[in-house]
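Asker: Take a look at the letters that make up each chain.
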Amino acid sequence: MAKITFEEPSGKLHTVDMAGGQSVMEGAVKAMVEGIDADCGGACSCATCMVYVAAEWEAKLPAKQSDEKQMLEFCPHVQANSRLTCQIPVTDALDGLTVKIPPSQH
Amino acid sequence: MLESIVIVGAGQAAAQLIASLVQDGFTGSVTLVGDEPHLPYQRPPLSKKFLAGELSFDRLYVRPAAFYEKAGTRLMLGTTVAQIDRQDHAVVLADGTRLPYSTLVLATGSRARTVPLPGADRPGVYFLRTIADVEALKAAFAPGRSLVVVGGGYIGLELAAVAAKHELRVTVLEQAPRVMGRGVGPVVSRFYERLHREEGVDIRTGVSVRAIEPGHVVCSDGSHPADLVLIGAGALPNVELAREAGLTVGEGITVDAQCRTSDPAIYAIGDCTVQHHALFERGLHLESVHNALEQGRIAAAAITGKPIPAEQVPWFWSDQYDVKLQMVGLSAGHDEAVVRGNPDQGRSFAVFYLRQGMLLAVDAVNRAPEFMVSKQLIAEHARLDPARLRDERVAVKDLKG
Ligand SMILES: Cc1cc2nc3c(=O)[nH]c(=O)nc-3n(C[C@H](O)[C@H](O)[C@H](O)COP(=O)(O)OP(=O)(O)OC[C@H]3O[C@@H](n4cnc5c(N)ncnc54)[C@H](O)[C@@H]3O)c2cc1C
Ligand code: FES
Chain A
5 MAKITFEEPS GKLHTVDMAG GQSVMEGAVK AMVEGIDADC GGACSCATCM VYVAAEWEAK
65 LPAKQSDEKQ MLEFCPHVQA NSRLTCQIPV TDALDGLTVK IPPSQH
Chain B
45 MLESIVIVGA GQAAAQLIAS LVQDGFTGSV TLVGDEPHLP YQRPPLSKKF LAGELSFDRL
105 YVRPAAFYEK AGTRLMLGTT VAQIDRQDHA VVLADGTRLP YSTLVLATGS RARTVPLPGA
165 DRPGVYFLRT IADVEALKAA FAPGRSLVVV GGGYIGLELA AVAAKHELRV TVLEQAPRVM
225 GRGVGPVVSR FYERLHREEG VDIRTGVSVR AIEPGHVVCS DGSHPADLVL IGAGALPNVE
285 LAREAGLTVG EGITVDAQCR TSDPAIYAIG DCTVQHHALF ERGLHLESVH NALEQGRIAA
345 AAITGKPIPA EQVPWFWSDQ YDVKLQMVGL SAGHDEAVVR GNPDQGRSFA VFYLRQGMLL
405 AVDAVNRAPE FMVSKQLIAE HARLDPARLR DERVAVKDLK G
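Each protein sequence line maps, in turn, to chains A and B. End of the first sequence = 110 in this note's numbering, gap-free, step of one. End of the second sequence = 445 in this note's numbering, gap-free, step of one.
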């Protein structure tokens, strides 16, 4: 279980309790977090599940695999702290994670 | 009177429509009627991770049951709509029950195409469209068994890849001179033929199947042993309800830019439609997740009077072995195909399709950066220099020059 907080583009905070055995993207979609489009359903093919990770969390997340790095390289609105939520499995270690949703996924 | 929406077909397009209606503040009632006994689910994993046993059943669902409950959606699963009564604004279910609507949305998708082959209805012959299809197939999936895939489209090839990994003996029979001919250019087809051969799959092109007999498939180039047979002959849009109701139907149910059919009270979304695409200046019938989601969003905006989301460049993906294919745009009408990287060696290259220098489409094989950049470039009608595209010393960010 992990409590993960999404800051929606409007500034609204949305805290979601997520069980393990799924990705952060899946947890967010189930909770109707606005702005996580996840068009490819987690196949690392669309880059519409992107978020900005709070500085103190960047190093604590599992490292990016090459698929994710490649998709992020030219992802619209990308920043150095961008991650694809479908590539991050929910674990207890993520409890307290805060991420920010980009203005648009396109 | 409160607006009441009836949605026919509980697939990905329908699920997106409901999510977007909620987001767009729709307050009327929604009834979702679907003939499969499942909540809307994702089909792409059926021939990929779900078939491979890497994804559990519940993770196929687009949204959990609680979502529909919260949205106030009335679910009628395992229920078939038999007819549309446009005069009376009602749909008629198979058992005769009538459901009145003020707005009707057809999200009936497509179904696996059957083939008129002798023996095609024998046990041991499978299709790959639904969860039920995969459950049946999985039960017959065992190492050492021989599988013949009739049809070298992307679904048949994805299945072949999973089967090869599970140590089945796999043969793919394609009638056309090359595999995936409908989706990609010849360079990419040749690459996929090599890829599958490297992985131990016997790929035969230009062969026609004559009959399916117990234990083997009879073909123009001889007979192939087959404990199981998959028919991968493409899909047919489910347009019958619309046609019988007198709606305009072409390659799919014809819809306008707002996903409205020829009856203003009826919308259609997803695989079952054909829609004019401004960027490509023609009607497109697309069978892709992206199209299903986009049209779900568009119809929700139209119904709630919100601004219609801007048109996007169509795209598609396919995963086979460790190779990710991402296709964006449509290559029809191109006069030049420029290859970046080496398709004859390794597993990473991209093909750019141009018309008079304007980028129309890209097939990217393990080349996500090229894919992502091209999405933008196609939307911009960018004109590109083939020499730069070909030159790997030019960084992807500088392709535009
Ligand atoms: C094996 C497989 C792999 C795929 N892989 C990819 C991929 O990698 N990438 C990609 O972009 N796309 C892929 N696709 C295509 C993608 O899944 C479809 O484009 C998408 O599912 C279309 O969604 P839809 O909602 O329009 O239709 P569907 O998902 O087909 O849903 C329509 C539903 O309506 C039901 N229905 C029809 N008529 C009636 C009626 N009269 N009454 C009640 N219910 C009815 C149908 O039974 C069905 O359940 C794949 C498809 C398959 C089958
Ligand atoms: S959901 Fe498509 S890349 Fe994450």
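Keep in mind the hints are simulated off the structure, nothing from the lab. It cannot be assumed that every hint is accurate.
Below, simulated BS3-like cross-link-like pairs (lysine-lysine); rule was C-alpha separation at most 27 Å, straight line [claimed, not checked]:
#1 A/16 / B/114
#2 A/34 / A/7
#3 A/73 / B/93
#4 A/104 / B/441
#5 A/73 / B/114
#6 A/34 / B/209
#7 B/350 / A/73
#8 A/104 / A/68
#9 A/68 / B/93
#10 A/104 / B/444
#11 A/64 / A/7
#12 A/34 / A/73
#13 B/350 / A/34
#14 A/16 / B/441
#15 B/209 / A/68
#16 A/68 / B/441
#17 A/34 / B/93
#18 A/64 / A/104
#19 A/7 / B/441
#20 A/104 / B/209
FRET-style restraints, in silico, Cβ to Cβ [stated by the list, open to error]:
#21 B/209 / A/69: 39 to 49 Å
#22 B/327 / A/61: 43 to 53 Å
#23 A/73 / B/209: 44 to 54 Å
#24 A/61 / B/323: 55 to 65 Å
#25 B/130 / A/69: 37 to 47 Å
#26 B/110 / A/24: 39 to 49 Å
#27 B/439 / A/84: 46 to 56 Å
#28 A/15 / B/402: 33 to 43 Å
#29 A/66 / B/439: 33 to 43 Å
#30 B/266 / A/63: 55 to 65 Å
All residues carry an ideal CB built from backbone N, CA and C; glycine is no exception.
Asker: For every hint, state whether the structure bears it out.
Answerer: Against the structure, the hints come out as follows:
Restraint check: the Cα-Cα separation between residue 16 of chain A and residue 114 of chain B comes to about 20 Å, which is no more than 27 Å; the hinted pair holds. At most 27 Å may separate the alpha-carbon atoms for a hinted pair to count; residue 34 of chain A and residue 7 of chain A meet this at roughly 14 Å. The straight-line distance between the Cα atoms of residue 73 of chain A and residue 93 of chain B is roughly 21 Å, inside the 27 Å bound, and the hint therefore holds. Restraint check for residue 104 of chain A and residue 441 of chain B: satisfied, since their Cα atoms lie roughly 26 Å apart, inside the 27 Å limit.
Distance hint between residue 73 of chain A and residue 114 of chain B is unfulfilled; the C-alpha atoms sit about 36 Å from each other, more than 27 Å. A C-alpha spacing of about 32 Å is found between residue 34 of chain A and residue 209 of chain B, which places the hinted pair above 27 Å, so the restraint is violated. A threshold of 27 Å between alpha carbons decides the hint, and for residue 350 of chain B with residue 73 of chain A the separation of about 35 Å lies outside it, so the pair is violated. Distance check on the hinted pair: residue 104 of chain A and residue 68 of chain A sit about 18 Å apart at the alpha-carbon level, within 27 Å; holds.
Restraint check for residue 68 of chain A and residue 93 of chain B: the C-alpha separation of about 21 Å stays at or below 27 Å, so the hint holds. Among the hinted pairs, residue 104 of chain A with residue 444 of chain B is inconsistent with the structure: their alpha-carbon atoms are about 31 Å apart, more than 27 Å. Distance hint between residue 64 of chain A and residue 7 of chain A is fulfilled; the C-alpha atoms sit about 15 Å from each other, no more than 27 Å. With a CA separation close to 25 Å, the supplied pair residue 34 of chain A and residue 73 of chain A stays within the 27 Å bound.
Note on residue 350 of chain B and residue 34 of chain A: the hinted pairing holds, with a Cα-Cα distance of about 24 Å set against a maximum of 27 Å. Simply put, residue 16 of chain A and residue 441 of chain B have alpha-carbon atoms about 34 Å apart, too far for the 27 Å limit, and the pair is violated. At roughly 26 Å between alpha-carbon atoms, residue 209 of chain B and residue 68 of chain A fall within 27 Å of each other, so this suggested pair holds. Among the hinted pairs, residue 68 of chain A with residue 441 of chain B is consistent with the structure: their alpha-carbon atoms are about 21 Å apart, no more than 27 Å.
This hinted pair checks out: residue 34 of chain A and residue 93 of chain B have alpha carbons roughly 20 Å apart, not beyond 27 Å. Distance restraint check for residue 64 of chain A and residue 104 of chain A: the Cα-Cα separation of roughly 16 Å lies within the 27 Å cut-off, and the hinted pair is therefore satisfied. Distance check on the hinted pair: residue 7 of chain A and residue 441 of chain B sit about 37 Å apart at the alpha-carbon level, beyond 27 Å; violated. Of the supplied pair hints, the one linking residue 104 of chain A and residue 209 of chain B is violated, its CA atoms being roughly 39 Å apart against a limit of 27 Å.
For residue 209 of chain B paired with residue 69 of chain A, a C-beta distance near 19 Å fails the hint of 39 to 49 Å. Our hint of 43 to 53 Å for residue 327 of chain B and residue 61 of chain A holds, since their Cβ atoms are close to 47 Å apart. The hinted range of 44 to 54 Å is not satisfied by residue 73 of chain A and residue 209 of chain B, whose Cβ atoms lie roughly 25 Å apart. Between residue 61 of chain A and residue 323 of chain B the C-beta distance comes to about 39 Å, which lies outside the given range of 55 to 65 Å.
Between residue 130 of chain B and residue 69 of chain A the beta carbon distance is about 52 Å. The supplied range of 37 to 47 Å is therefore violated. Range check, residue 110 of chain B to residue 24 of chain A: Cβ separation about 18 Å, and the 39 to 49 Å hint is violated. Under the hint 46 to 56 Å, the C-beta atoms of residue 439 of chain B and residue 84 of chain A, about 18 Å apart, miss the expected range. Taken as a hint, the range 33 to 43 Å holds for the pair residue 15 of chain A and residue 402 of chain B, whose Cβ atoms sit roughly 41 Å apart.
Range check, residue 66 of chain A to residue 439 of chain B: about 28 Å between beta-carbon atoms, so the 33 to 43 Å window is missed. With their beta carbons about 60 Å apart, residue 266 of chain B and residue 63 of chain A fall inside the hinted range of 55 to 65 Å.
Hint violations for this structure: numbers 5, 6, 7, 10, 14, 19, 20, 21, 23, 24, 25, 26, 27, 29, all remaining hints satisfied.
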